[in-house]
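Undergrad: Here the structure of chain P is known, so what remains is to put chain R in place on it, guided by the hints.
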Amino acid sequence: MRRCLLLPSLVVVCVATGVHVSAQSANYQDILEMYRRGEFDAAVRDFAGLPAEERYRGARSVVRESLRPFRRDVLQAVLALHTEGGLGRGLTLCDATPEARRGTPDAREQALLGSGFPFFEYGLVETLKTQFPDDEFMRTWYVTVMAYADAAFPGNYRCYENAPARIRVHPEMQLALGGMHEKTWQQVEADGWTLPGFTPSLQDAERAFRAALQAAPDLHEARLRLGHVLLLQAKPDEALETFREVRDHLDGGFAYVVRLLEGQASEQRGDLSRAAESYQAARVMRPQAQSAIVALAQLAYTQGHRAEALEHIRQLPGAATAGAPLQPWVWYAEGADPWSWYYFGTAWRFPTYLARLRAIVKEKR
Amino acid sequence: MTAFWRVVLCLTALGVGLRAQGDAGREQVQQFTTRTEAVRVDVLVTHRGRLVRGLTVQDFELRDGGVVQRIDLVDEQAEPINLVCLIDTGDHSRANSQFKYLIDAGSALLDGLQPRDRIALVAFSNRIRILSTPTTDHASLKSTLRMLYPEGVSSLRDVVFAGLVLRQLDPGRTLLLVFSNGWSNFGYLRRPQLLDAARRTDVVVYAVTYQYRGVSPKDYGPFLDALAEETGGRVMIANEGRDLSGVFVNILAEFRSRYVLAYMPTGVAPGGWHRLDVTLKGRSGDVKARRGYFAE
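Each protein sequence line maps, in turn, to chains P and R.
Residues in the first sequence are numbered consecutively from 0, following numbering that gives the first Met the number 0.
Residues in the second sequence are numbered consecutively from 0, following numbering that gives the first Met the number 0.
Possibly wrong hints are sitting among the right ones.
Unchecked claim - Sample of chain R residues facing chain P (criterion: CB under 10 Å; computed from the structure):
| no. | residue |
| --- | --- |
| 1 | Val-121 |
| 2 | Arg-126 |
| 3 | Val-164 |
| 4 | Gln-167 |
| 5 | Leu-168 |
| 6 | Gly-171 |
| 7 | Asp-195 |
| 8 | Arg-199 |
| 9 | Gly-281 |
Stated by the list, open to error - Far from chain R, some chain P residues (derived; all Cβ distances over 10 Å):
| no. | residue |
| --- | --- |
| 10 | Asp-29 |
| 11 | Glu-32 |
| 12 | Pro-216 |
| 13 | Lys-234 |
| 14 | Glu-244 |
| 15 | Asp-247 |
| 16 | Ala-254 |
| 17 | Gln-267 |
| 18 | Asp-270 |
| 19 | Ser-272 |
| 20 | Gln-279 |
| 21 | Val-283 |
| 22 | Ser-290 |
| 23 | Ala-296 |
| 24 | Ala-306 |
For the record, the hints were derived by calculation from the structure and aren't laboratory data.
Don't be surprised by glycine CBs; every beta carbon is placed ideally from N, CA and C.
Chain P extracted, bound-state conformation (with noise of 0.2 Å):
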């Protein structure tokens, strides 16, 4: 379930209800009678262009519907679309990356969609394994599934057994998806699923960041987590030369994000004044976010401050909102912001996987 973090976009998933699924041009249910029709190019056209709430709450509730009674050729015709549609958005990408190295915000989204064929898939087919484990036609598109992502991103197949070792090697992993020590084999499996175009070091992340920031000195975001890699490698002075040159040219939740890092750094080099002033700035940012409150009162406690600590953690309740609002240090941290995602690494290696992926397509078609 946590899957449904790493991107926004599919945390309706988690929630869907409903069966019929409006759309602007198509719905989930006419793209589905376009392929049952034999219409695939129109279906997979159109099935790309449905918004990715609809896109997932559609394919979610046709799967509902065809559990109860189960219905094959329903379910079958669902994973199928399902699967091409993934793939569709990844040939759009192929087209797309001169335009994501550009930056433009769209073009980044279909990278990311594209890149995240396999990521979608997860949960639908991990729901349906469930629920028929012993079907043997689940197990055939599942294997299906895992073919395409083997190919589409080497070293992804079996990616349980491969994910340890790319965690331990890569500390800003660690770092945003925890510590191996504290994984189930299911959170290391689905941790596989999202590292493989990930930098096999800092200092690989560090190289893949500065070729993409001078290929487009514009990337932010890619730049912000190249402050990140240069903290984790201990390297404050720059990191915090990274974030000046930066953080001027972020809003939102990344302006919140870097001062939380400039903090760090600063703590790192021993400057604790200046580390209590960055996550007072965060926290002026962002009053109802609490991951500053919470790095303010640990720098407090650890210098022996503890009644000001306590001040800092009463003050918690006031940043707490109706709701639970995914806070810009969790998003950030856990990649669930589509673009720091997308900038990791993956950035560096999109056009070899997606003229992959188109070839996989191809051949297939």
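TA: Positioned in the frame of chain P, the structure of chain R alone reads:
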């Protein structure tokens, strides 16, 4: 001796935990400037899985940094306890029916408290909600519990830190009870920071989790184990949600059955990390106590 230690330990807890706070009107405005060096160590003794009761001070040996200390046994069993209860409302995968059991367990825990026991209630997902600072108004917390609902994901490390800080609102013995499945990928603090904070308190952490869909909670990793180990507490695993109430109540009973050793450190360095070793003299049994303390 008991009264003496109670005063000394209160002064110690406040001296270490709370600096003088000037703003009037806030509860727990403590104006202690005296700082003593008394150390309190909460000890659990079991033998073949059963609690061992009736031990005397002669049954224990305590070493601070390798140096044997002259200890006293403080009779705390009749005294009220402070309970900081952290309830994980995150994790979408938890079925609503299971969540109901969690709320029931919270109610059972409240029923198990004595009138003078104080409880702070904190719910957490990807946000921390301090529902109550330490209070003896147990009844009102029952209705608060009923208003909880599953949401979001878990920021376990952050909330444990908040719980450790909240401990300072009262100088007495504090049990930090955290219910969680052990996932914590969404908090701001990192594991070393949290464990470092845990080493700077005398809180005893008990963590509760339960098996879900056949997945052993142990698979969720040793973070909770590490936290409990560091503080001399334990991780308890319920087979399923419906067993949670019993686990919660048992923890309370076990905490009341622990021994409290106190001593004035002698022959050791005044500051820094002090490793503690508590053993039994001439008896069999397993001893759990915090691994050490920071003298600040």
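Undergrad: Hint by hint, work out which the structure violates, then give me just those numbers in ascending order.
TA: 6, 9, 22, 23, 24
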